[in-house]
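S.K.: Line by line, the protein sequences are chains A and B. When the count follows numbering that gives the first Met the number 0, it moves up by one through the first sequence with no breaks and lands on 274 for the last residue. When the count follows numbering that gives the first Met the number 0, it moves up by one through the second sequence with no breaks and lands on 350 for the last residue.
Derived from the structure by calculation, the hints contain no laboratory data. It is possible that some hints are incorrect.
Listed below are the simulated SDA-like cross-link pairs for lysine to any residue, each with C-alpha atoms no more than 20 angstroms apart in a straight line [said to hold, decoys possible]: (1) LYS17/B / ARG2/B; (2) LYS228/B / PRO39/B; (3) LYS98/A / TYR55/B; (4) LYS184/A / ARG103/B; (5) LYS98/A / VAL69/B; (6) LYS98/A / ARG14/B; (7) LYS132/B / PRO192/A; (8) LYS17/B / GLY29/B; (9) LYS184/A / ALA134/B; (10) LYS105/B / THR180/A; (11) LYS184/A / PRO39/B; (12) LYS184/A / LYS228/B; (13) LYS105/B / PHE182/A; (14) LYS98/A / PHE15/B; (15) LYS105/B / GLU168/A; (16) LYS98/A / ARG56/B.
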Amino acid sequence: MPLLPKNWPLWLLVLALITLPIGVGLLWLFLTALFDQVHGLRPVGDFSPENWRFLTEGSVGGRPSIWVALKNSILFAAAVATLEVLIASMAAYAISRMKFPFRTPYLGMILVLHAFPAVSLLIAIYYILRVLGLFDTLIGVILVKASLELPLGIWLMKGFFDQLSWDMEMAALVDGASRWTVFWKVALPLVRPGILALGTFALLSAWGEFILPFTFIVSGKSWTLALYMQSFMREAFVDYGLMAAVGLFYAAPVLLLFLLGQRYLLNIYSGGVKG
Amino acid sequence: MKRGIPVRLEGLSKRFGKVEAVKRLDLEIGAGELVAFLGPSGCGKTTTLLMIAGIYRPTTGAVYFGDRRVDHLHPRDRDVGMVFQSYALYPHLTLFENIAFPLRLKRVPDAEVKERVQKTADLLGIGHILERKPAQVSGGQQQRAALARALVKEPQVLLLDEPLSNLDAQIRLSARAEIRRLQRDLGVTAILVTHDQAEALAMADRVAVFSMGELQQYDTPEVLYHRPKNTFVAGFVGSPPMNLIEGTFTGDGFRAGELRIPIPGAPTGKGWLGVRPEHLALGEGGHPARVLVVEPLGREVLVVAEVAGVRLQVLLPEGERPEMGSEVGIVFPEPKELHFFDETGRRIGPE
Chain A
0 MPLLPKNWPL WLLVLALITL PIGVGLLWLF LTALFDQVHG LRPVGDFSPE NWRFLTEGSV
60 GGRPSIWVAL KNSILFAAAV ATLEVLIASM AAYAISRMKF PFRTPYLGMI LVLHAFPAVS
120 LLIAIYYILR VLGLFDTLIG VILVKASLEL PLGIWLMKGF FDQLSWDMEM AALVDGASRW
180 TVFWKVALPL VRPGILALGT FALLSAWGEF ILPFTFIVSG KSWTLALYMQ SFMREAFVDY
240 GLMAAVGLFY AAPVLLLFLL GQRYLLNIYS GGVKG
Chain B
0 MKRGIPVRLE GLSKRFGKVE AVKRLDLEIG AGELVAFLGP SGCGKTTTLL MIAGIYRPTT
60 GAVYFGDRRV DHLHPRDRDV GMVFQSYALY PHLTLFENIA FPLRLKRVPD AEVKERVQKT
120 ADLLGIGHIL ERKPAQVSGG QQQRAALARA LVKEPQVLLL DEPLSNLDAQ IRLSARAEIR
180 RLQRDLGVTA ILVTHDQAEA LAMADRVAVF SMGELQQYDT PEVLYHRPKN TFVAGFVGSP
240 PMNLIEGTFT GDGFRAGELR IPIPGAPTGK GWLGVRPEHL ALGEGGHPAR VLVVEPLGRE
300 VLVVAEVAGV RLQVLLPEGE RPEMGSEVGI VFPEPKELHF FDETGRRIGP E
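This is chain B alone, in the form it adopts within the complex (with noise of 0.2 angstroms):
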């Protein structure tokens, strides 16, 4: 198959009616990556990916598939393939029906049309259930019924639209994976819509935040991950999320309400402290706390702590058990796991 091509966007916009989905959004996506584009729902990154795929027109900007501009073509002179969430095959016709659809409107010779969707289906693993109707098969295999339509063309650009939120936890994992090897072996450019953060940080080369129709931030997962470029953003990416307090910063700490935490080397100013509850710890000599919610995850405890009127998330290591109700001592760690935010909430220092 062949390789993926560059996708960028320009200035991209859509507006319906009043409501502007998204706002002048520029995006590059190299040959071969595989993109999340992550938000809460209603954050415009699925309008952007229908206006990739051509079944919306944006309002204004452009799409580029390599130096072919596209956003003025039918979807089906733009060489894509797409999974729906709710994988949208076709009821009334069988699994192989199915993934020969897209060759069949290509007029493409019936011999060549079997080897090639059987070459799909063995490829992903429903070679033996093609003359099934979809209604006929589990959910795992009409969601690879969808990615072997969606794949049979050979598109230069795959578009995943939340294709595993509607698996059963189980096999949402495999899929995980194997849509990930799926992708690297063809080489085909892949986005993946997804609001689901850890199933984007798994799976992406990089990740595109969005957030009331702008992207926030466009980074590897490391990056979102210990550089978050803003409140949502750190809020957003990590589970459970980072705690943000509201207060001051006082140049040689962070003050807010009673609480009290020396930082050295401060910035100053209204903001917010960012901390992960990973990072936190229960020790002597850490700042008085009373116990509210103790929630064992397995690998570890979660526990909900009030420090002087602000509720932290603190993440303990097995083992470590406080009782609910009791008083503790949490400490913070060093500056260099804390993140700094100033009042509107972008990240204050390095990015």
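Here chain A stands alone, though its shape is the one from the complex (with noise of 0.2 angstroms):
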């Protein structure tokens, strides 16, 4: 049992406070999607169906149907998920075990691009995606999302595979394997608590994910979410309880993935691979 603060109910107060406005944004989020209309924070008029139409009508005001974005959400946030986490392993466990030129200042590139604002990108980004004739496809933003990403991901794995002790690799050389099996079948199982926090951290950011797919993206096909429900906010007169269904729908599977994931987020901060 970790020990608590001598005077811990006031912590807990303090904190209950600082989290206040949040809940309260939630509890809005939650009131006005179930209800007609809310005044503050009061429900007013019967529990609305009215306002989770755009699940059954194939379309609400010309959108694309809600299931495309979803399928959209999806595909891409997998993608961006499982490219990062592959290529991040392996360029993780290049950097971490292996001796190569220039190994030194392409660390420092990683941890430059980390911190470069990925915003003061998208023009050059729009015109490298028009060149390959990438621009308005998923694949597109999937790759962009993937490249601002990666910079994270390799210092995250690199400091998993730094923890491995170069015993286990030296005793899977003996044992007859090559580099290439000894990075699959014993350095990757054993950082499976980051693949696992990467894997996490990669999904639930992809979902997030909007100035990319709102630069990059223009036809209705090619929606995610986070376009389908900011186009709400581009009307003259918003329908707030429609929009509140919607990002409760957008919002649900990423709590739920928190909900399951948190284990292994919270290890990229502990940093251990206890697992």
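Build the complex from these two chains, which are given one at a time in their own frames, with help from the hints.
M.R.: In structure tokens, the structure reads:
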């Protein structure tokens, strides 16, 4: 059991106060999504299924179906997470375990890239995507998002690989493994906590990504949920009930994933291989 | 299982940047022999072992297994098994899969894997806990599993890197005997790296003593003990270590400050006189000395005494126990129990 600070009820109160606005916001979201109208936090009228019509109607106000957006969001998040975990693991293993020319400058460059504000690259990326013919495609945005997330992923995975003992790899080599086999059969299974953490992290980050799809996707068939939701705010008259319901729909998988994955996410900060 | 093969090292050196970890090493190990590499940490013994295993590529020189030159080969093409100090078991696999790992990599059929793993595990007395993970078994059992993994592919050469140093003192003694018995039964050529001189002397057919990347002496435990080649070996082999007194040989004796020891037939010139603690005795007419420390070791008593400004360790049989601070006489042994070294530390006289 972790020790509680001496005056823990006071600390709890402070934390509760800080968290209160977020809690109120969430409460508002729930109420607004469920009822006709909400004045302040006081529901007016009855429970209203009207807000949830986007689930059954093919298209709301000329938008593509929410199921298309959901499919795109899942595809986007899954592809980004897979790419990121795969590439970051391999890069991090090489950096952690092998000597190669320009290793140190390379490490430094990754760090700089991580610190670089991605928004300032938008215009350059736009041109690159146009030239490659990937503008307005999901694949294009997947590649961009995965690239921008890689520096963090590489550093994170490097930390996990650094903790593996050399003995274990030497043992595998003597046992008859090639370097490639050592990576797949010994090193990778041992950094499983890191992979799960990075995977969860990447999935959440891609799920919430807005600016990249917003910039590089135009046509409705490639919309992600973030774009779908944002489209309500562009209207003259905003239907808050509908928007809150969509917001809830959009947030539910994240809440679920976070509940399942928070154990691994915490690993990023404690950085253990204990598993 | 097949017999081991001879291992030959020729002019082997390894350099890490500016540091020369191993310097031009020549060494031959007979088929089926158990040789210990003994030395303090950082002396190059583990580096040498890793070059034999194929983890490190030698900077210069060659490694031969029998007539086959192997120093350019990948570890998997060398037919060696190795046990690491940390055991290096794969924590995510069961003991069975740990031991089976080398066979799986060779794509040995499932039925044969099962049979060979079980056989090797039974040999080591861990056949009943194969479904457990390494973290769920004791240190001694982990060590056996590591040994089983090294032996399961029936290697021609077995490399042991401090395999016993993580064990409790109690298990260590029985593990020593067991490794020795297994190695002899299997006839595999084995190299044991250790910093524990007692372990090296007890287990090995021959011991190679290393210091600062150089081979100091390579011989049987008896010769190392009775005729050390230089002051390093003299001081490293044996516990408590040999007393080494710096002084001058005068042809008929030895002089160190006020201390004068008559030795008929002594050499001449500056050098070191070596005498093992167990060869010194207390008695009438000895060199007057003052007892500084008395340390009962159970069967024996270790006494540190000062003779004319020189500190000596004396190992006494049980029962003899001088008072701390008392005055005693120290008797030096016959000349044949004394060791003479020249100014550079090299042994003078028969080797």
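S.K.: Determine for every hint whether it applies to the structure shown.
M.R.: Here is how each hint holds up against the structure:
1. LYS17/B / ARG2/B: This hinted pair is violated, its Cα atoms lying about 40 angstroms apart.
2. LYS228/B / PRO39/B: Distance of about 17 angstroms is within 20 angstroms: holds.
3. LYS98/A / TYR55/B: Holds: LYS98/A and TYR55/B sit about 14 angstroms apart, inside 20 angstroms.
4. LYS184/A / ARG103/B: holds, 11 angstroms
5. LYS98/A / VAL69/B: Violated, at roughly 23 angstroms.
6. LYS98/A / ARG14/B: holds, 16 angstroms
7. LYS132/B / PRO192/A: holds, 18 angstroms
8. LYS17/B / GLY29/B: violated, 33 angstroms
9. LYS184/A / ALA134/B: Distance of about 19 angstroms is within 20 angstroms: holds.
10. LYS105/B / THR180/A: Holds. LYS105/B to THR180/A sits at ~12 angstroms (cutoff 20 angstroms).
11. LYS184/A / PRO39/B: violated, 35 angstroms
12. LYS184/A / LYS228/B: violated, 48 angstroms
13. LYS105/B / PHE182/A: Roughly 17 angstroms between the alpha carbons, so the hint for LYS105/B and PHE182/A holds.
14. LYS98/A / PHE15/B: holds, 13 angstroms
15. LYS105/B / GLU168/A: Answer holds: LYS105/B to GLU168/A is near 17 angstroms, not above 20 angstroms.
16. LYS98/A / ARG56/B: holds, 14 angstroms
Of the hints listed earlier, those the structure fails to meet are numbers 1, 5, 8, 11, 12, in rising order.
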